[in-house]
Amino acid sequence: MSEYRLEMTGVVKTFPGVKALDHAQLKLRPGSVHALMGENGAGKSTLMKCMFGIYHMDEGEVVYEGEKVQIKGPLDALNRGIAMVHQELQPIPERSIGENIYVGRYPMKHGIMVDHEKMYADAAKVLEEVHLNYDPRAKLGSLSVSQMQLVEIAKAVSADCRVLILDEPTSSLTAAEVEALFTIVNELREKGVSIVYISHKMDEILRISDEVTIMRDGQYIGTWDAKGLTTDFIITKMVGRELSNLFPKRENVPGEVVFEVEDFTSINPKSFRHVNFQVRKGEILGVAGLVGAQRTELMEGLFGLRSHTTGRITYQGRELKISQPKDAINAGIAMLTEDRRATGILGVLSIADNVSIASLNQYLIGGIMLDDGKIEKLVQDNVAKLSIKTPSSKTQIQSLSGGNQQKVLISRWLANDPDVFILDEPTRGIDVGAKYEIYCIIAELAKQGKSVIMISSEMSELIGMSDRVMVMCDGRVTGFIDGAEANQENIMALATQFE
Amino acid sequence: MGETKGRALSTKTVLKFISDNAIIFLIILLAIITWANSQNFASPDNLGNLISNVAPRFIIACGVSGCLITKGTDLSAGRQVGLAACFAAMMQQTLDYSARVFPWMPDMPWVAALLITVAIMACFGAINGCVIAFLKVPPFIATLGMQTLVYGICQIITGNQPIGGFKESYRALASGNFLADQLGRWSRLLPYLLLPALLVGLFMWFLYNKTRHGKYMYAIGGNENAAQVAGVNVPATLIRIYVLAAVMYALAGFLIGSKAGGASTATGTGYELEAIAACTIGGVSVNGGVGKVSGILIGVLVFEVLKICLQFLRFDPAYTFIAQGLVIIVAVALDLRKYLAKK
Numbered sequence: 000m001s002e003y004r005l006e007m008t009g010v011v012k013t014f015p016g017v018k019a020l021d022h023a024q025l026k027l028r029p030g031s032v033h034a035l036m037g038e039n040g041a042g043k044s045t046l047m048k049c050m051f052g053i054y055h056m057d058e059g060e061v062v063y064e065g066e067k068v069q070i071k072g073p074l075d076a077l078n079r080g081i082a083m084v085h086q087e088l089q090p091i092p093e094r095s096i097g098e099n100i101y102v103g104r105y106p107m108k109h110g111i112m113v114d115h116e117k118m119y120a121d122a123a124k125v126l127e128e129v130h131l132n133y134d135p136r137a138k139l140g141s142l143s144v145s146q147m148q149l150v151e152i153a154k155a156v157s158a159d160c161r162v163l164i165l166d167e168p169t170s171s172l173t174a175a176e177v178e179a180l181f182t183i184v185n186e187l188r189e190k191g192v193s194i195v196y197i198s199h200k201m202d203e204i205l206r207i208s209d210e211v212t213i214m215r216d217g218q219y220i221g222t223w224d225a226k227g228l229t230t231d232f233i234i235t236k237m238v239g240r241e242l243s244n245l246f247p248k249r250e251n252v253p254g255e256v257v258f259e260v261e262d263f264t265s266i267n268p269k270s271f272r273h274v275n276f277q278v279r280k281g282e283i284l285g286v287a288g289l290v291g292a293q294r295t296e297l298m299e300g301l302f303g304l305r306s307h308t309t310g311r312i313t314y315q316g317r318e319l320k321i322s323q324p325k326d327a328i329n330a331g332i333a334m335l336t337e338d339r340r341a342t343g344i345l346g347v348l349s350i351a352d353n354v355s356i357a358s359l360n361q362y363l364i365g366g367i368m369l370d371d372g373k374i375e376k377l378v379q380d381n382v383a384k385l386s387i388k389t390p391s392s393k394t395q396i397q398s399l400s401g402g403n404q405q406k407v408l409i410s411r412w413l414a415n416d417p418d419v420f421i422l423d424e425p426t427r428g429i430d431v432g433a434k435y436e437i438y439c440i441i442a443e444l445a446k447q448g449k450s451v452i453m454i455s456s457e458m459s460e461l462i463g464m465s466d467r468v469m470v471m472c473d474g475r476v477t478g479f480i481d482g483a484e485a486n487q488e489n490i491m492a493l494a495t496q497f498e
Numbered sequence: 000m001g002e003t004k005g006r007a008l009s010t011k012t013v014l015k016f017i018s019d020n021a022i023i024f025l026i027i028l029l030a031i032i033t034w035a036n037s038q039n040f041a042s043p044d045n046l047g048n049l050i051s052n053v054a055p056r057f058i059i060a061c062g063v064s065g066c067l068i069t070k071g072t073d074l075s076a077g078r079q080v081g082l083a084a085c086f087a088a089m090m091q092q093t094l095d096y097s098a099r100v101f102p103w104m105p106d107m108p109w110v111a112a113l114l115i116t117v118a119i120m121a122c123f124g125a126i127n128g129c130v131i132a133f134l135k136v137p138p139f140i141a142t143l144g145m146q147t148l149v150y151g152i153c154q155i156i157t158g159n160q161p162i163g164g165f166k167e168s169y170r171a172l173a174s175g176n177f178l179a180d181q182l183g184r185w186s187r188l189l190p191y192l193l194l195p196a197l198l199v200g201l202f203m204w205f206l207y208n209k210t211r212h213g214k215y216m217y218a219i220g221g222n223e224n225a226a227q228v229a230g231v232n233v234p235a236t237l238i239r240i241y242v243l244a245a246v247m248y249a250l251a252g253f254l255i256g257s258k259a260g261g262a263s264t265a266t267g268t269g270y271e272l273e274a275i276a277a278c279t280i281g282g283v284s285v286n287g288g289v290g291k292v293s294g295i296l297i298g299v300l301v302f303e304v305l306k307i308c309l310q311f312l313r314f315d316p317a318y319t320f321i322a323q324g325l326v327i328i329v330a331v332a333l334d335l336r337k338y339l340a341k342k
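Chain order of the listed sequences is A and B.
For reference, each letter of the first sequence is one residue, going 0 to 498 in numbering that gives the first Met the number 0.
For reference, each letter of the second sequence is one residue, going 0 to 342 in numbering that gives the first Met the number 0.
Please note: incorrect hints may appear among the correct ones.
[Claimed, not checked] Which chain B residues stay away from chain A? Per the calculated CB distances, all over 10 Å, these:
1. Ile-22
2. Ile-32
3. Asn-45
4. Asp-95
5. Gly-144
6. Phe-205
7. Arg-211
8. Lys-214
9. Asn-222
10. Val-228
11. Gly-230
12. Val-231
13. Leu-272
14. Val-289
15. Pro-316
[Said to hold, decoys possible] Here are the computed lysine-lysine pairs in the BS3-like style, where the Cα-Cα straight-line distance is at most 30 Å:
16. A:Lys-393 x B:Lys-15
17. B:Lys-11 x A:Lys-373
18. A:Lys-325 x A:Lys-373
19. B:Lys-135 x A:Lys-269
20. B:Lys-11 x A:Lys-18
21. B:Lys-306 x A:Lys-393
22. B:Lys-15 x A:Lys-373
23. B:Lys-15 x A:Lys-376
24. B:Lys-258 x A:Lys-384
25. A:Lys-325 x B:Lys-209
26. B:Lys-15 x A:Lys-18
27. A:Lys-325 x B:Lys-135
28. B:Lys-135 x A:Lys-388
29. B:Lys-306 x A:Lys-67
30. B:Lys-135 x A:Lys-320
31. B:Lys-209 x A:Lys-18
32. B:Lys-166 x B:Lys-70
33. B:Lys-209 x A:Lys-376
34. A:Lys-18 x A:Lys-393
35. A:Lys-376 x A:Lys-388
36. B:Lys-135 x A:Lys-138
37. A:Lys-325 x B:Lys-291
38. A:Lys-236 x A:Lys-18
39. A:Lys-393 x B:Lys-70
40. A:Lys-320 x A:Lys-280
Hint data in this document are derived by calculation from the structure and do not stem from the laboratory.
Predicted model only: the values in this text are computed from it and were never measured.
Cβ atoms here follow ideal geometry from the backbone N, Cα and C, with glycine treated the same way.
Let's have the full structure, built from the sequences with the hints guiding it.
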């Protein structure tokens with residue numbers, strides 16, 4: 000028997016337009032915590048989904064406990080003792096905690112009936128094991144997001160797993176909950192469980208893990224003993240080049256204040272409240288914060304996608320009345336949303352349709368008929384200007400890579416010539432090369448005098464691109480840092496300033 | 000077959016083309032077999048009859064298509080057609096007909112009857128649209144309710160009695176042929192009904208491809224949330240779609256009443272399912288965002304040709320239903336396969 004419990008080697012997985020995994024590998028020892036690191040889009044989650052059977056890999060092999068196996072699906076993985084806590088939760092909030100833990104593998108009696116007594120008794124035991132004091136009969140939806148995340152972990156533990164995958168488990172946890180999680184992880188390690196730990200938080204990684212595997216662009220970079228690793232070393236390996244070359248030189252000169260938000264408060268008391276900030280002409284304002292800081296909600300509020308109770312938005316002293324996206328667009332605001340697939344691209348529609356949809360009024364002949372020639376020219380101009388790689392303007396946008404989709408969406412807004420660009424995670428799920436191109440576009444927008452508001456969860460991106468960084472925590476703005484002085488420490492200090 | 004231009008036709012692309020259009024090939028094959036069995040099949044009478052059957056159904060399918068493209072549906076289509084036919088019928092009874100529904104109804108030209116019918120039905124469409132756009136009731140449920148509701152209204156206003164005794168001017172609209180004097184029996188290929196269908200087809204093509212409304216419609220079907228972010232007024236677009244659909248049903252009902260020479264609560268029963276099926280066969284995707292007017296026409300043709308062929312081959316009408324049912328399932332399964340293959 001080999002020294003590893005599970006070995007994945009030579010894993011290749013291709014999606015339309017993207018090679019997500021390119022000969023990736025991961026080797027897990029029993030009784031150890033293995034950190035899997037890499038930038039967004041490096042392929043960590045994809046690799047884990049292959050291990051858990053959600054995706055089927057195109058090439059590569061999995062050796063589990065000395066035996067070559069093929070994992071057919073999540074149920075197969077669970078039966079083999081591999082459990083996964085997903086980055087995006089997939090719970091059923093309308094059902095009880097106990098049912099959520101045992102969904103798909105309910106204890107049965109008489110062969111056909113679900114044994115509810117046993118299920119709730121077992122669930123109570125499992126919850127106790129991970130130090131959670133919840134009633135298993137309570138609705139899952141009655142818990143907070145972080146509590147649900149802990150229930151997900153209890154669910155994984157209840158499967159009596161020998162391999163446990165934790166995909167960004169702490170992203171929505173408070174400091175105390177993180178400590179509770181670490182206690183559980185340590186106990187599992189002592190029981191001999193192999194744990195894969197995916198996280199972006201360096202201090203956590205260095206504290207909890209025994210080994211670190213780093214991935215970049217779907218490729219395996221290397222595995223190191225966690226002892227003696229430094230943050231700088233990990234970042235350099237993750238990014239693959241010196242940080243200084245990651246971002247274009249910015250030539251924008253912030254001018255006078257043009258965009259002002261005063262006392263902006265959501266109708267939801269748990270969301271953004273009393274937000275005040277200003278953006279200058281030609282300035283890039285970075286917006287930092289942890290998951291749950293309500294940054295996206297704030298921007299969606301400004302753009303008219305969410306309702307607010309109080310607040311004033313002004314552009315060049317003129318008050319903007321925004322109650323729906325249309326109003327925001329007419330007022331000269333553009334917004335690139337966080338989730339490109341859900342709220343950005345019109346998947347089955349052509350590039351031309353996707354580019355022109357927000358500015359159709361400009362191409363009307365006689366107020367009724369659209370001028371296809373004008374639209375085609377707009378598309379071709381943008382394809383050339385932003386170097387969008389596409390076979391033709393009639394290609395479906397969903398067949399393009401993430402970076403090119405993002406450029407199409409930027410073109411959509413450029414067609415309106417807006418004054419204020421709100422960019423929510425503009426480089427999420429985009430490979431490194433394309434990221435640089437997006438950065439260049441952002442820098443160019445600022446140089447042309449546009450006001451850019453950029454939400455990002457990547458520290459390097461915030462520090463590398465922002466003239467100023469606004470930090471949010473739990474719905475409030477906790478401070479501003481000048482771009483030149485921003486660093487991981489002072490941003491995190493403000494981002495964790497809970498009331 | 001633009002894809003294969005400039006390249007030698009490989010077996011694979013030919014096979015793919017055939018499997019992508021399998022239903023259409025099967026129907027053409029069926030038509031050829033029928034023709035071989037019965038010379039009458041290709042007679043001007045029969046083909047003219049086919050065109051007359053296709054025309055109103057195409058108009059209804061055009062109406063439903065907008066709902067389908069935006070991931071909705073309209074189950075009230077058939078009943079709305081029936082109600083429209085009844086309204087039109089009441090306004091076009093001869094003054095001396097003994098069983099007039101409304102004896103006080105003045106004599107009016109057919110154009111006025113058509114416009115009034117359209118106006119009334121547009122209100123039902125607007126209600127559908129508002130319920131779906133503002134109350135967020137799923138289209139399936141909203142229009143299911145409307146279907147039942149319209150049927151009830153239809154029973155009340157007709158008193159459950161069939162309506163007949165139409166004026167000759169109304170009857171002639173759907174039974175005459177263009178160029179009857181010049182072409183003789185060949186004029187059967189040019190029934191009056193062809194004209195409204197043709198106009199509706201052209202109008203829909205223009206609307207779907209050349210106007211903002213069309214682009215917004217496809218955008219909502221492609222991704223409603225993204226369309227909203229891009230500034231599309233989603234509720235207004237949806238309401239326009241359901242109103243337009245109802246206008247199409249009104250027109251179709253008006254013509255069907257004229258063609259049948261009578262109208263009753265049973266008029267139009269089940270037409271919504273035929274229309275939805277025809278759209279789907281014609282490539283209007285059940286996943287939204289996709290659908291062409293030419294496809295809708297093909298879908299309706301497939302259905303009507305199938306019916307007539309089986310009639311000519313002397314199948315029991317019961318078998319026709321089985322064949323239609325199979326065609327619907329197979330067509331949608333084939334359509335979905337195109338999307339599944341991409342995962």
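Right, here's what the structure says about each hint:
1. Ile-22: At about 21 Å from chain A, B:Ile-22 clears the 10 Å cut-off, so the statement holds.
2. Ile-32: Answer for B:Ile-32: holds, closest chain A Cβ roughly 36 Å.
3. Asn-45: 39 Å, holds
4. Asp-95: 46 Å, holds
5. Gly-144: 25 Å, holds
6. Phe-205: 8 Å, violated
7. Arg-211: Given that some Cβ of chain A is not farther than 10 Å from that of B:Arg-211, nearest at about 5 Å, it is violated.
8. Lys-214: Violated, since 6 Å does not exceed 10 Å.
9. Asn-222: Answer for B:Asn-222: violated, closest chain A Cβ roughly 5 Å.
10. Val-228: Given a closest Cβ separation of 5 Å, the condition is violated.
11. Gly-230: 4 Å, violated
12. Val-231: Violated, because the least Cβ-Cβ distance between B:Val-231 and chain A comes to about 7 Å, which does not exceed 10 Å.
13. Leu-272: It holds; B:Leu-272 is separated from chain A by about 25 Å at its closest Cβ, greater than 10 Å.
14. Val-289: It is violated; B:Val-289 is separated from chain A by about 6 Å at its closest Cβ, not greater than 10 Å.
15. Pro-316: 38 Å, holds
16. A:Lys-393 x B:Lys-15: Holds - the C-alpha atoms of B:Lys-15 and A:Lys-393 are around 21 Å apart, at most 30 Å.
17. B:Lys-11 x A:Lys-373: 37 Å, violated
18. A:Lys-325 x A:Lys-373: Holds, at roughly 22 Å.
19. B:Lys-135 x A:Lys-269: Distance of about 25 Å is within 30 Å: holds.
20. B:Lys-11 x A:Lys-18: 26 Å, holds
21. B:Lys-306 x A:Lys-393: 37 Å, violated
22. B:Lys-15 x A:Lys-373: 35 Å, violated
23. B:Lys-15 x A:Lys-376: 33 Å, violated
24. B:Lys-258 x A:Lys-384: 58 Å, violated
25. A:Lys-325 x B:Lys-209: 21 Å, holds
26. B:Lys-15 x A:Lys-18: 26 Å, holds
27. A:Lys-325 x B:Lys-135: At roughly 20 Å apart (the allowed maximum being 30 Å), B:Lys-135 and A:Lys-325 satisfy the hint.
28. B:Lys-135 x A:Lys-388: 38 Å, violated
29. B:Lys-306 x A:Lys-67: With a Cα-Cα distance of about 56 Å, the restraint between B:Lys-306 and A:Lys-67 is violated, given a limit of 30 Å.
30. B:Lys-135 x A:Lys-320: Answer holds: B:Lys-135 to A:Lys-320 is near 25 Å, not above 30 Å.
31. B:Lys-209 x A:Lys-18: Violated, at roughly 37 Å.
32. B:Lys-166 x B:Lys-70: Roughly 41 Å separates the two Cα atoms, so the pair is violated.
33. B:Lys-209 x A:Lys-376: It holds: about 16 Å lies between the C-alpha atoms, which stays within 30 Å.
34. A:Lys-18 x A:Lys-393: Cα-Cα ~23 Å, so holds.
35. A:Lys-376 x A:Lys-388: 16 Å, holds
36. B:Lys-135 x A:Lys-138: Given that 30 Å is the threshold and the Cα spacing comes to 26 Å, the pair holds.
37. A:Lys-325 x B:Lys-291: 28 Å, holds
38. A:Lys-236 x A:Lys-18: 20 Å, holds
39. A:Lys-393 x B:Lys-70: Judged against 30 Å, a Cα distance of about 22 Å means the pair holds.
40. A:Lys-320 x A:Lys-280: 20 Å, holds
Checked against the numbered hints above, the structure breaks hints 6, 7, 8, 9, 10, 11, 12, 14, 17, 21, 22, 23, 24, 28, 29, 31, 32 and satisfies the rest.
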